[in-house]
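Heads up, the sequence shown is in the working numbering, so the first residue is 1 and it goes up one at a time.
These are computed hints drawn from the structure, not numbers from a lab.
Watch out, some of these pointers could steer you wrong.
Simulated pairs of lysine-lysine, DSS-like, Cα-Cα distance not exceeding 25 Å [said to hold, decoys possible]:
1) Lys-8 to Lys-90
2) Lys-68 to Lys-49
3) Lys-54 to Lys-39
4) Lys-68 to Lys-89
5) Lys-39 to Lys-49
6) Lys-121 to Lys-142
7) Lys-142 to Lys-39
8) Lys-39 to Lys-129
If you're wondering where the values come from, they're calculated on a predicted model, not measured in any experiment.
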Amino acid sequence: LLKAINGKFELGTAYFPGVDDKVSTGGVSIGGASLWMMKNDDARKQAAKWEFIKFMVSPKEQAFWNTKTGYFPITTEAYNEPVFKENVKKYPQFQTAINQLHDSSPESAGALCAIYTQVRKIEETEMQKMLNNQQTEDQALKNMTDQINSALEDYNAS
Numbered sequence: 001l002l003k004a005i006n007g008k009f010e011l012g013t014a015y016f017p018g019v020d021d022k023v024s025t026g027g028v029s030i031g032g033a034s035l036w037m038m039k040n041d042d043a044r045k046q047a048a049k050w051e052f053i054k055f056m057v058s059p060k061e062q063a064f065w066n067t068k069t070g071y072f073p074i075t076t077e078a079y080n081e082p083v084f085k086e087n088v089k090k091y092p093q094f095q096t097a098i099n100q101l102h103d104s105s106p107e108s109a110g111a112l113c114a115i116y117t118q119v120r121k122i123e124e125t126e127m128q129k130m131l132n133n134q135q136t137e138d139q140a141l142k143n144m145t146d147q148i149n150s151a152l153e154d155y156n157a158s
C-alpha cells in the first residue's frame, strides 16, 4: 500500500474500533504464528525439525520475519533487533498494531465465542498432554472435541 501511495499522501493508522472508548473492553487477536512438529518421523528428522523451529522462533529471525510479512514477532525480544527497529522507524504505521496488541485485554482477545476462554484452556491442556507424550494425537483430538462439545451444550442450555 505504501508503495502504491508513493508519497502522494500520508498513510495513517489507528486502533481497531471498540464498543466504547475503554481499551479494556476491546482487543485484538493474532493468528498464524504457529509452528507444529509431530512425533511421527525418525530421530534424525525430528532433530532437524527442532533445529528449524529454534531458528524460526529466535528473536533475530522473528524480527526479520516481521519485516517481510507483517506478522507479529512471537517474542518481545525481537523488538530489540536492529532490523525490527529500522523497519518501525521506516514504517511507523506498524507500531500501531503492536501497541494495540499490547494494550489489549487478554480476556477479550480471540474469536467471538461465548466460551472462548474455556475452549482455549481445553486446547492448551490437551495439546500439552500430547506434546509431552501423555496421549496420542487422536486421543488429544477426541478429548478436545468431547470437552468443547460438552461446554457448548452447557452454555446453550443456560
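Right, here's what the structure says about each hint:
About 16 Å separates the Cα atoms of Lys-8 and Lys-90, which keeps this hinted pair within 25 Å; it holds. Annotation: proposed proximity of Lys-68 to Lys-49 holds, straight-line Cα distance about 22 Å (limit 25 Å). Only pairs whose Cα atoms come within 25 Å are accepted, and Lys-54 paired with Lys-39 is accepted, the gap being roughly 16 Å. Among the hinted pairs, Lys-68 with Lys-89 is consistent with the structure: their alpha-carbon atoms are about 15 Å apart, no more than 25 Å.
Restraint check: the Cα-Cα separation between Lys-39 and Lys-49 comes to about 10 Å, which is no more than 25 Å; the hinted pair holds. In summary, the hint linking Lys-121 to Lys-142 is supported, as the alpha carbons are separated by about 15 Å, within the 25 Å threshold. About 18 Å separates the Cα atoms of Lys-142 and Lys-39, which keeps this hinted pair within 25 Å; it holds. The straight-line distance between the Cα atoms of Lys-39 and Lys-129 is roughly 13 Å, inside the 25 Å bound, and the hint therefore holds.
Checked against the numbered hints above, the structure breaks none of them.
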